[in-house]
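Peer 1: Spelled out, the chains give:
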Amino acid sequence: MKINIFIFLLLVGTVLTAQDKGNILIKNGTVLTVTKGTLQNTDVLVIDGKISKIGKGLKAGNDVKVIDATDQFVMPGIIDAHSHIALDAINEATDPSTAHVWVGDALDPLDVGIYRALAGGVTASHAMHGSANVIGGQCETIKHRYGTLDPEDLRMVGAPRTIKFALGENPMRVHGEGNNIVPATRMGVEQVIRRSFTEARQYIKDWDEYNSGKTKVPPKYDLKTETVADILKGDIIIHCHSYRADEILMLMNVCKDFGVKKLCFQHTNEGFKVAPELAAFGAGASVFADWWAYKFEVYYSTAYNAAILTKNGVTTSINSDSGELIRHLYHEAAKTQRYGGLSDEEALSLITINPAKQLGIDSRVGSLEVGKEADIAIFSHHPLSIYAIPQLTIVDGIIRFDLKNDKKDMRLDIDPEEKITIFYEQNRHHENDGCMRDAFELFEKK
Amino acid sequence: MKSKLTTSLLALSILFISSAFIQAQDTDIVLSHTYYINKVNIIQKPGQMIEMGSIIIKNGVIIEIGKDLVPPPDAIIVKADSMYLYPGFIDAFNTTGIKKVEEDRNAARQGQRGGGGNNPQVPNPGNPPNNLAGITPEKTLSEVFDKDAKSTKSWREIGFTASFSSPEGGMLPGQAALILLNSKDADGSILKQNFGIVGTFENARRMYPATIIGVMAKYRDLFRQSGYSLKHENDYAVNPVGMTRPSYDASIRALYPINSKKLPIYFEAEKIKDVSRALTLQNDLGFNMVLTNVKQGALHADQIKNLAIPVVLSLDIPQSDVKKPEEGDKKSKDDSDAKGKKGEEKSKKEEMKDPEIEAMEARKEESIKEYQSQASIFSSKGISFSFSGKDVKEKDVKKNLKSMMEYGLTEDQVLAALTINPASLLGVSNIMGTLEKGKMANFFISDGPYFEDDSNIKYIFVEGNQFENEVKAKKKKQDGEETTNLNLAGTYSYTVDVPGDERKGKLIIKKNGNTYTGIIQNDGNDESDIDNLEVDGNKISFPLDMNIDGGSLKLSFSFEIDGDDLKGSVSVDQYGTFPIKGEKVSGPNN
Numbered sequence: 001m002k003i004n005i006f007i008f009l010l011l012v013g014t015v016l017t018a019q020d021k022g023n024i025l026i027k028n029g030t031v032l033t034v035t036k037g038t039l040q041n042t043d044v045l046v047i048d049g050k051i052s053k054i055g056k057g058l059k060a061g062n063d064v065k066v067i068d069a070t071d072q073f074v075m076p077g078i079i080d081a082h083s084h085i086a087l088d089a090i091n092e093a094t095d096p097s098t099a100h101v102w103v104g105d106a107l108d109p110l111d112v113g114i115y116r117a118l119a120g121g122v123t124a125s126h127a128m129h130g131s132a133n134v135i136g137g138q139c140e141t142i143k144h145r146y147g148t149l150d151p152e153d154l155r156m157v158g159a160p161r162t163i164k165f166a167l168g169e170n171p172m173r174v175h176g177e178g179n180n181i182v183p184a185t186r187m188g189v190e191q192v193i194r195r196s197f198t199e200a201r202q203y204i205k206d207w208d209e210y211n212s213g214k215t216k217v218p219p220k221y222d223l224k225t226e227t228v229a230d231i232l233k234g235d236i237i238i239h240c241h242s243y244r245a246d247e248i249l250m251l252m253n254v255c256k257d258f259g260v261k262k263l264c265f266q267h268t269n270e271g272f273k274v275a276p277e278l279a280a281f282g283a284g285a286s287v288f289a290d291w292w293a294y295k296f297e298v299y300y301s302t303a304y305n306a307a308i309l310t311k312n313g314v315t316t317s318i319n320s321d322s323g324e325l326i327r328h329l330y331h332e333a334a335k336t337q338r339y340g341g342l343s344d345e346e347a348l349s350l351i352t353i354n355p356a357k358q359l360g361i362d363s364r365v366g367s368l369e370v371g372k373e374a375d376i377a378i379f380s381h382h383p384l385s386i387y388a389i390p391q392l393t394i395v396d397g398i399i400r401f402d403l404k405n406d407k408k409d410m411r412l413d414i415d416p417e418e419k420i421t422i423f424y425e426q427n428r429h430h431e432n433d434g435c436m437r438d439a440f441e442l443f444e445k446k
Numbered sequence: 001m002k003s004k005l006t007t008s009l010l011a012l013s014i015l016f017i018s019s020a021f022i023q024a025q026d027t028d029i030v031l032s033h034t035y036y037i038n039k040v041n042i043i044q045k046p047g048q049m050i051e052m053g054s055i056i057i058k059n060g061v062i063i064e065i066g067k068d069l070v071p072p073p074d075a076i077i078v079k080a081d082s083m084y085l086y087p088g089f090i091d092a093f094n095t096t097g098i099k100k101v102e103e104d105r106n107a108a109r110q111g112q113r114g115g116g117g118n119n120p121q122v123p124n125p126g127n128p129p130n131n132l133a134g135i136t137p138e139k140t141l142s143e144v145f146d147k148d149a150k151s152t153k154s155w156r157e158i159g160f161t162a163s164f165s166s167p168e169g170g171m172l173p174g175q176a177a178l179i180l181l182n183s184k185d186a187d188g189s190i191l192k193q194n195f196g197i198v199g200t201f202e203n204a205r206r207m208y209p210a211t212i213i214g215v216m217a218k219y220r221d222l223f224r225q226s227g228y229s230l231k232h233e234n235d236y237a238v239n240p241v242g243m244t245r246p247s248y249d250a251s252i253r254a255l256y257p258i259n260s261k262k263l264p265i266y267f268e269a270e271k272i273k274d275v276s277r278a279l280t281l282q283n284d285l286g287f288n289m290v291l292t293n294v295k296q297g298a299l300h301a302d303q304i305k306n307l308a309i310p311v312v313l314s315l316d317i318p319q320s321d322v323k324k325p326e327e328g329d330k331k332s333k334d335d336s337d338a339k340g341k342k343g344e345e346k347s348k349k350e351e352m353k354d355p356e357i358e359a360m361e362a363r364k365e366e367s368i369k370e371y372q373s374q375a376s377i378f379s380s381k382g383i384s385f386s387f388s389g390k391d392v393k394e395k396d397v398k399k400n401l402k403s404m405m406e407y408g409l410t411e412d413q414v415l416a417a418l419t420i421n422p423a424s425l426l427g428v429s430n431i432m433g434t435l436e437k438g439k440m441a442n443f444f445i446s447d448g449p450y451f452e453d454d455s456n457i458k459y460i461f462v463e464g465n466q467f468e469n470e471v472k473a474k475k476k477k478q479d480g481e482e483t484t485n486l487n488l489a490g491t492y493s494y495t496v497d498v499p500g501d502e503r504k505g506k507l508i509i510k511k512n513g514n515t516y517t518g519i520i521q522n523d524g525n526d527e528s529d530i531d532n533l534e535v536d537g538n539k540i541s542f543p544l545d546m547n548i549d550g551g552s553l554k555l556s557f558s559f560e561i562d563g564d565d566l567k568g569s570v571s572v573d574q575y576g577t578f579p580i581k582g583e584k585v586s587g588p589n590n
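Protein sequences, first through last, are from chains V and G.
Reminder that position 224 of the first sequence reads as 224 in my numbering, one-by-one numbering, no gaps.
Reminder that position 388 of the second sequence reads as 388 in my numbering, one-by-one numbering, no gaps.
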């Protein structure tokens, strides 16, 4: 039995690719622009992946797909400033500083977690290195173009470079306890950063001398120091895993000493204690709505954290750090109305324009404005309502999640040798995607 | 007239000697280096056959090829009347001929699961010595070559006469070389070296680079360091006065020819993401590359074509384990009563099948087809490719090739990918890949056309050295007649891989005349007799009722015995099917 190869090519060809940019007219919805107020019975016209018009009674050509959003709510695609989905590796936990590694090298477009995120209205996320090392690897801002098979197509090309730092117990545990090297204490953590910054300063000087012809011998090329040098030059935003107020202040002091300005704290559970200082520095804070007490350094926390930070003028976002929470960040944002009384716009900002600012992509996404990229989520009810159900999620004008019309099995890559069984444990689709993946198994003593 | 008589007399005597020679081969007594083969269908190259032709080889070289050639007086005549003679296959990427270090591999596997393994402890896991971190681009094949490697013989037996073989282990395992599969020592076997280095995405264990992100960063670091180091060395060679002496680093130096694009890197890139990552590195670091052992490369076929990247596809492709419908009808001896019952049971089972599982199985079948169609997609886009035998079992090669052909790949295209394409890729087209006067005498003789299911390879010539395959007893499957020379009896240990648990046990199979009986022992449980043991060739199946925690479970065992290895599956009521593996621990007499 011969199978026609062209039929196969056709099948292969139906897979969506990143180059796709769609045209869509969303009719008659309640448009939550986040930055420009709420517009009733309004249309949003998307041409070539970008928002081309927002207004009433918009018309479009025959090639534009029309979506009726009557009685529905149209909001900017949710952005998660801290996640680990779509990654084949999270922690290169072999050294207290691994600035040279980059999770952008380990993107996994086949991860069904991307689709689950889309099902929660999330259109972009910050795929981060884990928190095993003081200076972890570089992160990657991705768009949830689920359907593509090529890792390259996930990248949000042009988004600023970011890097993961981590303070406190995780790096102390992995390196101090696990390997008996610095840092075993919070003092050691600070020292690792200061030493790296100092070495990077020297590295910049050495290369300047070589490039200007002062010295003949090239300094030893070192990707790690080169990356830290790029932080000092202001080319990379630091996103730092942190909990306690004292260590948050510590990192701000270190950054001041070395002239580093681009800084955003992750988790930041004690951020409410140092909110004015964070605002003065201009540092962002990306927090959980109400998740704490999972280890000693995370006991002193409050669900009012996001509200306190917001009211103090800190650019604040709510993140998931989880393949599960990422599906209902809109619920997480709504909690700040119960705990802190934030307005609808303030609450929605926590999962749209604010994370966009923290990632340096707010000129492109994070609100519904003409000229911005068409990353849009459509909900059955107001997204801050407990009854809200995401209906459609659009990335670059392409529908990537459709509650009513998607197939039941949305996996992209099927292992041709997979064992099919009703046992949940045997399916490998639910692997741990947390901050410390790849780290403990390397260093914990058996 | 007289001369003709002498020739045939001579030929007769030579025939006599030749059979003696074959038996004496182990002792390495070679009476002549000239061979004459007549009345054989010679496939000179894909699409070109000499029907009932003849070939003469001498000292490892083809000296004449054509029709009705006269055998030289000193020639050994090989009896191959009406058989088929093909150019020796060339494996374009494998580890054939290298020393296997089994312990290391086990450690590697355990290490990947995070279970420890026997890895050396290093003082600074963030910056370990290169050789422990799998970075040995300076390592040549001769350092790990083993003339007695089993792989050499087993690949030769299925028609391969040359292999592009690589050291293994780590992200930069070393330098591959083209070897002849003649089981000679390194000098006699290694044909050509200095091809460039092999690259993989394999991480180190418990030290940098421990993950794929580490491996990628290490590539960037090494290549850029090598670029600066090369420049430093060149500057120093021009005028060393006042300059620090360049440091010597064997790994960095091995990258010089790659960095300067004189030689390529052979990147092992199996899956979509591997191919994408190799392309990313090439784009960032600017080396020449060959993509090798590719299993899922169709997505990038256009890019590979546009960048003119040579590609070596894997012969390892998945096969469907869905049973074909005709197997159910085999037992013609079953009386109609039993048959009716069986039929009922079968349809019951089908009704009970979970639709979700059925849908998943259908998708799995689709996925298998995608892997099988890869080669056809490449060929339909006009991309020429070779094949890599790495990761595939020798006995599966022909079956896999034939699966690929179901998607449009022709016999000639398959032959090309096994002969002229790899010869051209490796720069040895002038001596290998086709059968022509002057080329190396690398070929095999099959008793039927290669692609026919029941054809067998009889002889293999590697650079004029003759090897003969042991004749395998043909299995004649007829109703009621057991294969007489196959004795499956023995004691086997087995492991059933149940999620979160491994069930171990023992299986004793006894043979009385033509009937088999068995006893099974599960974990600590008592032994129980196997009631309905069915044997078909080397396939064994039986049902078993098992009492676990007061409840009863219906199990159904089905496996094959291949040599001492036992492999198959156990299905457990509606819970699913689990793999079973095992091996013979003692023979039938114990």
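Simulated from the structure, these hints should not be mistaken for lab results.
No residue lacks a Cβ here, since even glycine has one placed at the ideal position from N, Cα and C.
Incorrect hints may have been included.
As the list claims (entries may be wrong) - Short, incomplete list of chain V residues facing chain G, as computed with Cβ under 10 Å: (1) E92; (2) L110; (3) E190; (4) R194.
Peer 1: What hints, given by number in increasing order, does this structure fail?
Peer 2: Checked against the structure, the hints that fail are numbers 3, 4, while the rest are satisfied.
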